[in-house]
Every structure is written in C-alpha cells, then in structure tokens.
Amino acid sequence: MSSTDRKLKVYQSYNAKNQHVPEIRFKGKWLEENGFYIGLNIEIEIHDNMLIIKQKV
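15 is the number that the working numbering gives to position 15 of the sequence shown; each next residue is one higher, with no gaps.
Everything labelled a hint here was simulated from the structure, so no lab data went into it. Backbone N, C-alpha and C fix where the C-beta goes; we use that ideal spot for every residue, glycine too. Check each hint, because a few of them may be wrong.
[What the hints assert, rightly or not] Simulated restraints on C-beta separations: (1) Lys9 with Ile46: 14 to 24 Å; (2) Val57 with Gln12: 28 to 38 Å; (3) Phe26 with Asp48: 31 to 41 Å; (4) Lys17 with Gln55: 27 to 37 Å; (5) His47 with Phe26: 13 to 23 Å; (6) Ile52 with Gly28: 17 to 27 Å; (7) Glu32 with Val57: 12 to 22 Å.
Make a model of the complete structure from these sequences and hints.
Right, here's the structure in full:
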C-alpha cells in the first residue's frame, strides 16, 4: 500500500424507501493533496470489483 492508498469501510445507510444500502465515505486532506478539491465534479467507473474515481472533464 503506497502513501496515497487508503483502507475504508463500507457502511450501512438507507435510501428514500428506507431500505438498507451500502455507503462509502471519503474525507480528509489526502483528497485535496491528490487533486480532489471541494466542489469538483467526479465520475466513478466500476471495473472488476474496483472503483475508479476521476475528475469529470
């Protein structure tokens, strides 16, 4: 795991129908240090059990 890798937990949350859904929380200075600033639009790609988060252009 490199210095920019993080281990996170998948939490339980609820949707509008009060059903259990998974939730992943990202927060910390490390986001800004890696180019993810407040207000930035992102896109998430899903490939082979991986989430790839990129700046939306």
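Against the structure, the hints:
{"no.": "1", "hint": "Lys9 with Ile46: 14 to 24 Å", "in the structure": "holds, 19 Å"}
{"no.": "2", "hint": "Val57 with Gln12: 28 to 38 Å", "in the structure": "holds, 33 Å"}
{"no.": "3", "hint": "Phe26 with Asp48: 31 to 41 Å", "in the structure": "violated, 20 Å"}
{"no.": "4", "hint": "Lys17 with Gln55: 27 to 37 Å", "in the structure": "holds, 32 Å"}
{"no.": "5", "hint": "His47 with Phe26: 13 to 23 Å", "in the structure": "holds, 18 Å"}
{"no.": "6", "hint": "Ile52 with Gly28: 17 to 27 Å", "in the structure": "holds, 19 Å"}
{"no.": "7", "hint": "Glu32 with Val57: 12 to 22 Å", "in the structure": "holds, 19 Å"}
Against the hints set out earlier in the document, a violation occurs for number 3 only.
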